[in-house]
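Peer 1: Modelling step: build the complete structure from the supplied sequences, incorporating the hints.
Protein chains: 2
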Amino acid sequence: MANPSILILPGDGIGPEVMAEVRKIIDWFGAKRGLTFDVSEDLVGGAAYDKHGTPLTDETMERAQEADAVLLGAVGGPKYDKLDFAVKPERGLLRLRKEMDLYANLRPAQCFDALADFSSLKKEVVAGLDIMIVRELTSGVYFGEPRGIFTEGNERVGINTQRYTESEIARVARSAFELAKRRSNKVCSMEKANVMESGILWREVVQKVRDEEYPDVELSHMYADAGAMQLTRWPKQFDVIVTDNLFGDLLSDLAAMLTGSLGMLPSASLGAPMKNGRPKALYEPVHGSAPDIAGQGKANPIACILSFAMALRYSFDQGDEADRLEAAVETVLADGLRTADLMGPEGGKPVSTSEMGDAIVKALDASV
Amino acid sequence: MANPSILILPGDGIGPEVMAEVRKIIDWFGAKRGLTFDVSEDLVGGAAYDKHGTPLTDETMERAQEADAVLLGAVGGPKYDKLDFAVKPERGLLRLRKEMDLYANLRPAQCFDALADFSSLKKEVVAGLDIMIVRELTSGVYFGEPRGIFTEGNERVGINTQRYTESEIARVARSAFELAKRRSNKVCSMEKANVMESGILWREVVQKVRDEEYPDVELSHMYADAGAMQLTRWPKQFDVIVTDNLFGDLLSDLAAMLTGSLGMLPSASLGAPMKNGRPKALYEPVHGSAPDIAGQGKANPIACILSFAMALRYSFDQGDEADRLEAAVETVLADGLRTADLMGPEGGKPVSTSEMGDAIVKALDASV
Ligand SMILES: [Mg+2]
Ligand SMILES: [Mg+2]
Chain A
0 MANPSILILP
10 GDGIGPEVMA
20 EVRKIIDWFG
30 AKRGLTFDVS
40 EDLVGGAAYD
50 KHGTPLTDET
60 MERAQEADAV
70 LLGAVGGPKY
80 DKLDFAVKPE
90 RGLLRLRKEM
100 DLYANLRPAQ
110 CFDALADFSS
120 LKKEVVAGLD
130 IMIVRELTSG
140 VYFGEPRGIF
150 TEGNERVGIN
160 TQRYTESEIA
170 RVARSAFELA
180 KRRSNKVCSM
190 EKANVMESGI
200 LWREVVQKVR
210 DEEYPDVELS
220 HMYADAGAMQ
230 LTRWPKQFDV
240 IVTDNLFGDL
250 LSDLAAMLTG
260 SLGMLPSASL
270 GAPMKNGRPK
280 ALYEPVHGSA
290 PDIAGQGKAN
300 PIACILSFAM
310 ALRYSFDQGD
320 EADRLEAAVE
330 TVLADGLRTA
340 DLMGPEGGKP
350 VSTSEMGDAI
360 VKALDASV
Chain B
0 MANPSILILP
10 GDGIGPEVMA
20 EVRKIIDWFG
30 AKRGLTFDVS
40 EDLVGGAAYD
50 KHGTPLTDET
60 MERAQEADAV
70 LLGAVGGPKY
80 DKLDFAVKPE
90 RGLLRLRKEM
100 DLYANLRPAQ
110 CFDALADFSS
120 LKKEVVAGLD
130 IMIVRELTSG
140 VYFGEPRGIF
150 TEGNERVGIN
160 TQRYTESEIA
170 RVARSAFELA
180 KRRSNKVCSM
190 EKANVMESGI
200 LWREVVQKVR
210 DEEYPDVELS
220 HMYADAGAMQ
230 LTRWPKQFDV
240 IVTDNLFGDL
250 LSDLAAMLTG
260 SLGMLPSASL
270 GAPMKNGRPK
280 ALYEPVHGSA
290 PDIAGQGKAN
300 PIACILSFAM
310 ALRYSFDQGD
320 EADRLEAAVE
330 TVLADGLRTA
340 DLMGPEGGKP
350 VSTSEMGDAI
360 VKALDASV
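Residue numbers (numbering that gives the first Met the number 0), protein chains in the order written: chain A, 0 to 367; chain B, 0 to 367.
Not one of these hints is a red herring.
Distance windows between CB atoms, simulated:
{"#": "1", "chain 1": "B", "residue 1": "D100", "chain 2": "A", "residue 2": "F149", "range": "16 to 26 angstroms"}
{"#": "2", "chain 1": "B", "residue 1": "D210", "chain 2": "A", "residue 2": "D26", "range": "51 to 61 angstroms"}
{"#": "3", "chain 1": "A", "residue 1": "S183", "chain 2": "B", "residue 2": "D116", "range": "23 to 33 angstroms"}
Calculated from the structure, these hints are not laboratory results. Even glycine gets a Cβ: it sits at the ideal position worked out from N, Cα and C.
Peer 2: Shown next as structure tokens:
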């Protein structure tokens with residue numbers, strides 16, 4: 000059997016330098032755990048525009064469709080701000096998400112004990128936090144038609160359409176229930192069924208999928224505004240949260256900020272299973288391309304490394320090895336290693352991007 | 000000139016008992032500050048249904064339209080859960096908002112120093128917090144047409160329509176800028192202009208109103224998901240936030256939860272100016288009718304009392320007297336008085352609803 004394949008798209012800004020650390024990790028798993036991947040690399044975003052005049056070529060798109068997993072760094076930078084909308088770096092990422100039909104966006108909000116002080120929330124509220132928000136990513140009010148700015152009488156009106164079909168709701172609900180089975184078997188679905196018909200259908204379909212296909216998973220429903228409150232009050236009450244594109248946009252960012260360290264957070268965007276049973280999958284850090292610190296060895300590679308841990312877990316069914324990698328990250332943090340973004344008011348000397356990567360490799364070595 | 004009029008609608012559950020304390024405060028301002036109001040009282044919600052078979056009679060609706068300010072307690076309770084949708088207690092409140100066309104919902108998030116420990120956020124993040132969210136309340140995706148659950152091919156689709164006209168945006172923007180002039184002259188407008196055309200129009204119109212009518216007010220724009228993050232990270236960066244119905248629904252509840260004490264929070268819903276220059280206005284606490292503790296003297300009357308302070312400020316142009324009332328509340332809290340909902344883990348003996356009201360009257364006495 001051929002090795003599973005990973006397409007790496009480092010992108011712009013700090014993308015290449017954090018991805019270089021991920022390469023070290025991938026190599027480690029090949030050398031020490033017999034997990035060998037066919038790794039190839041290509042361009043996306045401004046880097047692709049600079050070479051090809053487009054943020055994503057058809058050839059790269061095709062390679063992404065064929066890869067078992069795509070690992071992306073970050074895209075964008077001030078150099079590209081004035082470009083036409085159609086060739087902006089972000090369009091490369093959006094094309095990937097759209098053509099791969101990545102409908103389930105997995106946004107973990109995890110708070111490492113060693114970093115709990117970075118949160119604006121009290122330590123006991125966030126220490127050990129480990130929740131997962133599943134956001135529907137390909138439909139809803141950001142995509143529905145009709146949309147636009149129209150003239151009515153003597154004024155203009157801005158219109159967008161929230162729109163969900165039963166099958167769109169059912170497939171992302173299944174993603175959430177599958178995740179729950181690997182975690183605490185508990186899902187909370189959020190919408191505004193009290194004032195939106197799309198929310199009524201959402202609630203009904205999620206409940207039906209649970210009753211017919213996942214009777215062992217505990218399902219609750221919450222209005223999205225109450226969800227925002229409860230995430231703020233006591234986030235540990237949740238495990239998996241499933242919600243639509245718009246509510247997920249706000250709630251996943253809110254949950255990320257609870258942890259206090261955005262530079263630490265990975266994400267996965269998953270689509271339908273391919274022929275080999277693996278889901279279409281794109282993994283990327285939540286943080287951006289940080290052009291202000293690019294090329295200086297200051298970037299924190301952990302979010303990108305944890306994105307690879309998610310790939311191990313969700314694309315390659317290597318949950319134990321994902322645990323190992325996450326534990327290695329936890330170890331170096333507990334040892335006090337900090338990149339510049341993690342320096343607290345107490346000061347100290349930050350480590351460089353590659354020193355952080357090397358330390359994680361060393362912790363992996365110690366784990367076997 | 001006739002005295003300004005206030006229509007009191009105590010409603011259900013704890014509504015009547017918290018409103019009884021507000022009556023003491025209103026009486027105090029008449030006796031001690033020469034601010035005499037024509038106060039009348041009527042039924043709304045379940046209480047109206049019990050007597051008239053409807054949660055709001057046409058006569059009460061008419062009186063509300065004519066009042067200079069409406070003060071509402073709370074509506075609803077388990078006794079009415081099985082009623083037809085059209086006569087549920089909440090319909091009375093919705094009818095008031097709709098027929099009075101109360102398009103600007105003012106939701107202050109204030110954190111009294113004495114209660115900062117109740118927040119899930121660190122004390123330094125929330126102590127002294129004083130922000131105001133202005134939520135558009137009569138349009139947007141909760142009201143737009145088409146809406147419903149339809150059949151397409153062999154499945155159903157849930158549809159709602161986000162819809163804002165220029166004039167709807169402009170009028171609520173004006174409410175926010177007017178408020179800013181009484182506060183720190185600073186407004187942040189939130190939408191999702193990056194992915195929604197209704198957000199693009201929102202941003203453009205808010206900016207235009209500011210440039211043409213309020214050039215001295217500092218205006219910034221933020222995407223609503225970033226807004227959720229920033230509210231969580233460092234809420235004191237904001238003063239007045241203006242946003243649409245849906246984003247305001249989530250963000251105002253999030254901001255309320257930052258303070259940690261929902262039982263303390265008032266609200267105002269304002270419409271267009273009446274002939275006398277006063278806006279149509281409904282004031283009510285954010286909390287609900289709390290049927291589980293109704294009639295036991297356990298309810299916290301402060302949110303309802305602070306709603307009257309908002310009436311003093313926004314309907315009767317008595318900002319100094321509103322300050323006086325808010326300071327009196329702060330005094331009793333600093334003195335350690337706590338109703339049952341404000342008892343911390345350290346325990347102590349809670350005061351009753353009327354003891355809290357009496358203490359605030361006493362603090363008012365001491366202020367003159
Ligand atoms: Mg977002
Ligand atoms: Mg709400």
